[in-house]
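*Asks:* Could you put together the complete structure from these sequences and hints?
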Amino acid sequence: MPVTTIDGRQVHVNEEGFLTEPAEWDEALGKTLAAQIGIELTDEHWKAIRFLREDFAAQGETPTLRRVTVAGGIPTKQLFQLFPQKPAKKMAYIAGLPKPHGCV
Amino acid sequence: MTTTDTAPAIIPDFGTEATAGRKLAIICSKGSLDMAYPGLILANAALGEGVETHLFFTFWGFDMINKKTMHELKFTPLGNTATHMPQGLGGLPGITHMATSKFKKSIAELDVPEVPDFLEQIVASGGHLWACRMSADMNHLTEEDLYEEVEGIISASDFIEKTDGAQLLFI
Numbered sequence: 001m002p003v004t005t006i007d008g009r010q011v012h013v014n015e016e017g018f019l020t021e022p023a024e025w026d027e028a029l030g031k032t033l034a035a036q037i038g039i040e041l042t043d044e045h046w047k048a049i050r051f052l053r054e055d056f057a058a059q060g061e062t063p064t065l066r067r068v069t070v071a072g073g074i075p076t077k078q079l080f081q082l083f084p085q086k087p088a089k090k091m092a093y094i095a096g097l098p099k100p101h102g103c104v
Numbered sequence: 001m002t003t004t005d006t007a008p009a010i011i012p013d014f015g016t017e018a019t020a021g022r023k024l025a026i027i028c029s030k031g032s033l034d035m036a037y038p039g040l041i042l043a044n045a046a047l048g049e050g051v052e053t054h055l056f057f058t059f060w061g062f063d064m065i066n067k068k069t070m071h072e073l074k075f076t077p078l079g080n081t082a083t084h085m086p087q088g089l090g091g092l093p094g095i096t097h098m099a100t101s102k103f104k105k106s107i108a109e110l111d112v113p114e115v116p117d118f119l120e121q122i123v124a125s126g127g128h129l130w131a132c133r134m135s136a137d138m139n140h141l142t143e144e145d146l147y148e149e150v151e152g153i154i155s156a157s158d159f160i161e162k163t164d165g166a167q168l169l170f171i
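Protein chains in written order, with the numbering used here: chain G, 1 to 104; chain R, 1 to 171.
Careful: at least some of the hints might be erroneous.
What the hints assert, rightly or not - Under the rule of at most 25 Å between Cα atoms (straight-line distance), these lysine to aspartate or glutamate pairs were calculated in the DMTMM-like manner: (1) G:Lys77 x R:Glu52; (2) G:Lys47 x R:Glu120; (3) G:Lys99 x R:Asp137; (4) G:Lys99 x R:Glu109; (5) G:Lys77 x R:Asp137; (6) G:Lys47 x G:Glu21; (7) R:Lys162 x R:Asp137; (8) G:Lys99 x R:Glu120; (9) G:Lys99 x R:Glu49; (10) G:Lys31 x R:Asp13; (11) R:Lys105 x G:Asp55; (12) R:Lys105 x G:Glu61; (13) G:Lys47 x R:Glu49; (14) G:Lys77 x R:Glu143.
These are computed hints drawn from the structure, not numbers from a lab.
The model shown is predicted, which means the values in this text are computed figures rather than measured ones.
*Replies:* Following this line, the structure appears as structure tokens:
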């Protein structure tokens, strides 16, 4: 796995650039990751990102978009507005987690 | 000599440029519960990848958007060899009901929504639902009879026109 330098610190990423060590993440890094894909994080973005982190810690896997809506309480429509085009993958990237595996 | 880390940050390619303009058209022509899901799952996946997605409900697929039937789609082993049950069993009373309950339970265990909720999610994700004009006329149905999020009852040629350049799936 490649090691890359983001914000002056070294982090482990996969070949696509997703963090492979969730523990290397903190909110400052999340902010930088978001900026790299053109997203400036507002409180609403953070609500989703924090849900992803908490759910991953509890379940051991990245929640799907549906789970962020149903268990996280953030409407699907809003997720598409906050993280345009590919909300599930963009959220996972910013949260320093693997891409979700679920189909739905 | 000290080594300097010059590797640039690896940023995922979310393919926004490449995705721009990609369209998917899905024709849903079946009214059984098991055949409703492939179109819904693929539509949902495409929307999650930023692909403009249109679903056209035609013939038996109309049951997926008819308010009277959309909550009541059924799964039957009758005539379906993929269940690997003796075909004679398929005709027994109550089998369809039993198979439907079991199917719904398996789907729910995967956190996959039932058909009406799934349609709602697809619309919330920016998907477009269209009803087939001929199917509506054959069954004497109007927009009043259909799921509210259906954008309109249109002819086959209108659908083909709307999905110009799209990749197409017939289910």
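*Asks:* Please go over all the hints and tell whether each is borne out by the structure.
*Replies:* For each hint, the structure was consulted:
1. Using a Cα cut-off of 25 Å, the hinted pair Lys77 of chain G and Glu52 of chain R holds, with the two alpha carbons roughly 15 Å apart.
2. For the hint linking Lys47 of chain G to Glu120 of chain R, the alpha-carbon distance of about 23 Å falls within 25 Å, and the restraint holds.
3. Between the alpha carbons of Lys99 of chain G and Asp137 of chain R the distance comes to roughly 45 Å, so the proposed pair goes past 25 Å and is violated.
4. With a C-alpha separation of about 21 Å, the suggested pairing of Lys99 of chain G with Glu109 of chain R holds against the 25 Å cut-off.
5. A hinted pair counts as satisfied when its Cα atoms are at most 25 Å apart, and Lys77 of chain G with Asp137 of chain R does not qualify at roughly 33 Å.
6. Between Lys47 of chain G and Glu21 of chain G, the direct Cα distance comes to roughly 21 Å. Compliance with the 25 Å bound is thereby established for this hinted pair.
7. The hinted pair formed by Lys162 of chain R and Asp137 of chain R meets the criterion: a straight-line CA distance of about 21 Å does not exceed 25 Å.
8. For the hint pairing Lys99 of chain G with Glu120 of chain R, the CA-to-CA distance comes to about 24 Å; that is within 25 Å, so the pair holds.
9. This hinted pair checks out: Lys99 of chain G and Glu49 of chain R have alpha carbons roughly 12 Å apart, not beyond 25 Å.
10. With a C-alpha separation of about 18 Å, the suggested pair Lys31 of chain G and Asp13 of chain R falls inside the 25 Å cut-off, and the hint holds.
11. Between the alpha carbons of Lys105 of chain R and Asp55 of chain G the distance comes to roughly 24 Å, so the proposed pair stays at or under 25 Å and holds.
12. Between Lys105 of chain R and Glu61 of chain G the alpha-carbon distance is near 22 Å, which keeps this suggested pair within the 25 Å criterion.
13. The straight-line distance between the Cα atoms of Lys47 of chain G and Glu49 of chain R is roughly 22 Å, inside the 25 Å bound, and the hint therefore holds.
14. For the suggested pair Lys77 of chain G and Glu143 of chain R, the alpha carbons sit about 24 Å apart, so the restraint of at most 25 Å is met.
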